[in-house]
Amino acid sequence: MANPKRQKVALVGNPNSGKSSLFNQLTGLNQKIGNFPGVTVEKRLGLASLPDGSAVEFMDLPGIYSIYPRSLDEQIVAEILLNHHSPTTPDKIIVIADATNLKRGLLLLSQIIDLGLPTIFALNMMDLVAKAGITYDLKALSLNLGVPVVPINARMGIGLAELKKVILQPGLSPEKQIFHIWDEAKAPIKELRNSLKVDNDYEAYQFLEQPKSLAFLSREEQKIVNDVRQKHSFFPGKFQGAETIQRYGFIQDLLNEVTLKQTDFSWKNYSRKIDKILTHKFWGYALFFALLFLIFQAIFAWATVPMDMIDLLFSDLSRHLHSVLPPGPLTSLLADGIVPGIGGIIIFVPQIAILFAFISVLEESGYMARVVFLMDKLMRRFGLNGKSVVPLMSGVACAIPAIMATRTIDNWKERTITIFVTPLMSCSARLPVFTILIALIVPDQKALGFFNLQGIALMGLYLLGFLAALGSAWVMNLIIRVKERSYLIMELPTYRLPKWSNVGYTIVEKTKAFVLEAGKVIMAISIILWVLASYGPGDKLSNARQNVLAESANLRLTDQGLEDRIAAYKLENSYAGVIGKAIEPAIRPLGYDWKIGIALVTSFAAREVFVGTMATIYSIGSASNDQDATIKSRMREEVNPATGGPRFTPAVGFSLLVFYTFAMQCMSTIAVVYRETKGWKWPILQLLYMTALAYLSALVVYQILS
Amino acid sequence: MAENLKNVSQMKPGDIAIIAGFTDEYLSFKLMEMGCLPGVPVRFNFTAPFGDPVCISVSGYELSLRLEEAATISILS
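Line by line, the protein sequences give chains A and B.
Numbering follows the numbering used here, in which position 376 of the first sequence is assigned residue number 376; successive positions increment by one, without gaps.
Just add 1000 to wherever you are in the second sequence, counting from 1, and you've got the numbering used here.
Hints are computed from structural coordinates only; laboratory data are not their basis.
Glycine residues also receive a C-beta, built at the ideal position from the N, C-alpha and C atoms.
Worth double-checking, as some hints may not be accurate.
[What the hints assert, rightly or not] Every beta carbon over 10 Å from chain B, so not counted as near; a handful from chain A, in silico:
hint, residue
1, H84
2, Q177
3, K190
4, Q240
5, G386
6, A513
7, E584
8, R634
9, T643
[Unchecked claim] Subject to a maximum C-alpha distance of 27 Å in a straight line, what follows is the list of computed DSS-like cross-link-like pairs (lysine-lysine):
hint, chain 1, residue 1, chain 2, residue 2
10, A, K268, B, K1012
11, A, K581, B, K1006
12, A, K483, A, K377
13, A, K512, A, K8
14, A, K164, A, K131
15, B, K1012, A, K377
16, A, K238, A, K176
17, B, K1012, A, K92
18, A, K281, B, K1012
19, B, K1012, A, K273
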C-alpha cells in the first residue's frame, strides 16, 4: 500500500503443480497471512525484490483446475481473477504447471489468458521432464500462447532469476483469444460490455456464466448482469462442457506442435508399486492406523515436554508480575487475566505444530489423497466424505484448524456435517480435564496384568467422542435433504519425497493462524472471566480479608493457607460464584454442586479453564509447585454434605467426564464455525445440540452409576 | 444413445478402453476438466479395498472417482 509502484503478482496453478514451493522459494520467510474478505481462507502474501531493486508482492492462491469453481477455495480464486478493477487486482498472473504433463495446466492457462490480465507461464518440474525424456519447443509454445514462457524447477529454486526478469518487464495483456465464444453468447456479451466496465469479451462471458462469483460487483451491477442474462435466456453452465472440449482441442494441436520428443509414463511406475501396498485391502488400513497411532503418540507424549515448559514459564511470569507490580485491579487483570490467557493459547502450540508437521508431510508426499481414497466408502455411510478424514484427525489437536481444513470438501452438505461433528472429537484442551478426573476416580491399576486402567479410561473417552461424531453425522445425514450431489473426482498425485522447507512453512503458517484466530477470542474471554471472578454483588469482595479472618480466627492458618482461603471466598462471592449457585438446581441431577457449577460457568468459553477454577475454588494456592497432586488430593478430600461421603464419587466423576467429552465449551470454535458457515444458524444449532447431548448423557451416567 | 455402451465402472483392473461420452452433464464438466475427454484412452488401475472408489489413468493422470461417477463415463470397448 505504501509504495504505489509495488507490483502485485498472483500465483495460480493446479494442485500439486509446485505452486507452494515456488511461492516459498520466491518469498522465503517474508510471508504473512491475511484473510480474504468474509471468509477465513488464508491469503498468503509474500514480498520479494526484483533485479532492479523494486519490490513485488506475491499472492499464493489455492490450487484450482479451472476458473469454473466448485469448492469455496476455488470460488475465491475465480473472484480474484474476474475482479479487474479493485486495488487488490493483481498486476500480473503467473500460471504454474507441471511440465511432465501439460494438458491440464494448459487448460487453466488458456482460460486465464482469455481473461486478459498480463500472464506469465512457468513450466515447473523441468528436472523430471528431462528425466522422462520429454523435449518442448518453448519458443513455439510462447509464440502460440502469446505469453512469456519460463522453465523452472521450483523445488531447487532453478530458473527463478529468469522468472523475476520477466516479471520486471512491462506487463502486456495477452492479445490472443484462445476460446472462440459461441455466436449465441455474442449479443448478451455486447450488451454487458456497453453497460458495465468489462475489459474483454471473455470476462463478460464469465460474468454471465458465473452468477455466484460476482460478490465484488455492486448490487446495481449484479442486477444489470442478471437482467442481461434473463433477457437473452442465457443459462449458466450451458456451454461449459463444449468450452472445455474446444480448449482441449486447441491444447492437443498445440502439444502436437511444441512437443519435440514424447515420452511414455513408465517413469511413474514406482508410484504404482507404492500404491499396491498403500491401498492394499489389509496393508493399506494397517499402515494408516499405525500412522494414526504414531501421530497421537507424538501429540500426547512428545508434546508434553514443551507444554510443561510453557506452563511453567507463564505461571512464573504471573507470579513475577505480582511481586514487582503494586497490588491493585490493573496488576490483577494483567497477572491473573491477560498473562494466563496468553499462556492458555501458547500452550497448545506444540501439539498443533506437531499435528501439522505430520499432515503437511502426508500431503506433500501424496499420501493424503490415498487416505481419502481408502476412507471414502466408510465415511460416506455417515454422510461424510473421504476428505472429512483430515478435519476429524486435526480435531484431536484443535477444532479450529480442523474446521478451517473442511474447505476442500466441495459438497455443501458433507462439509456442513463435517464442521458440525468435528468439535466432538476430543481436542487437546479436554486432556487436562480428563487427566485430573481420571486420576481421581479410576484406580492406577493394571487390568489383565497388562493394560493400565487409567489409560483405558482415557482411550475410551477419545473413542466415545469419535463415535459421537460418527453417530451425529449419521443422524444429520438422515435429516438434511439437499439436491446437491456428492462426488469425489480427485487426482491421485505421483508419490514424491516431501520438501522439508514447505513442511516448515506450513507449520509456521498454521500455528500463526491458530494463535491469531483462537487468540483473539480466548484473550477476550479470559478478561471477561477475570471480571466475573474478581467482582461480585455487594461489598463481600472488598471485605473478603476481614470476613475470612473473622471466620477462621481460631483455625491458626499459615499465611499461604489464609491467602488461599481468601481467594476461595472471593470466588464464592463473585459473579461467577453467584451464577454457579444459581444453576445448582439444574445441575444437581447430574451430581454436581455449586462449586462444580462455577467450573462449568468458567469453562463455558474454554474448557481447559476447569482445572484452574478447581484449584482456586478448593483454595489451593496457584503458586504450588506440585499443583496437580494438590488439586487431586484436595478434590478427593472434598465431602458431599448430603451423604457425608466424598464429593467426587465415580458417578460424579464419570458424569463430568462425559459432560466434558460432549459439551461445546469453546468460544473460538463457535466463532470459526460462524465465519465458515457465514451465519449464526449452524454455530447456534451446534451449541444447543452439544450442550443437550452433554447434559443428557451426563444425567444418564450419573443416575445409572449412583 | 448410451444404452448399449459399457461404462468405466464395469471395467476390470488392467483394462484399457476409449471414452465415448458421458451420461451426466453436471459431472461431465468436472470430468472433462480433469482430462477425461471423449476419444481419450482410459486405463482402469485398481479399486479401493471395498471396491469403491476406483483409480483410473487418463491423459497421463491418476484419478480416483466413485463407482457411481465412473458409471457416467461411457466407453467403447
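Results of checking the hints against the structure:
no.: 1; hint: H84; verdict: holds (23 Å)
no.: 2; hint: Q177; verdict: holds (20 Å)
no.: 3; hint: K190; verdict: holds (26 Å)
no.: 4; hint: Q240; verdict: violated (5 Å)
no.: 5; hint: G386; verdict: violated (8 Å)
no.: 6; hint: A513; verdict: holds (29 Å)
no.: 7; hint: E584; verdict: holds (51 Å)
no.: 8; hint: R634; verdict: holds (52 Å)
no.: 9; hint: T643; verdict: holds (53 Å)
no.: 10; hint: A:K268 to B:K1012; verdict: holds (21 Å)
no.: 11; hint: A:K581 to B:K1006; verdict: violated (71 Å)
no.: 12; hint: A:K483 to A:K377; verdict: holds (20 Å)
no.: 13; hint: A:K512 to A:K8; verdict: holds (23 Å)
no.: 14; hint: A:K164 to A:K131; verdict: holds (26 Å)
no.: 15; hint: B:K1012 to A:K377; verdict: holds (19 Å)
no.: 16; hint: A:K238 to A:K176; verdict: holds (24 Å)
no.: 17; hint: B:K1012 to A:K92; verdict: violated (46 Å)
no.: 18; hint: A:K281 to B:K1012; verdict: holds (17 Å)
no.: 19; hint: B:K1012 to A:K273; verdict: holds (18 Å)
In the structure shown, a violation is registered for the earlier hints numbered 4, 5, 11 and 17, in ascending order.
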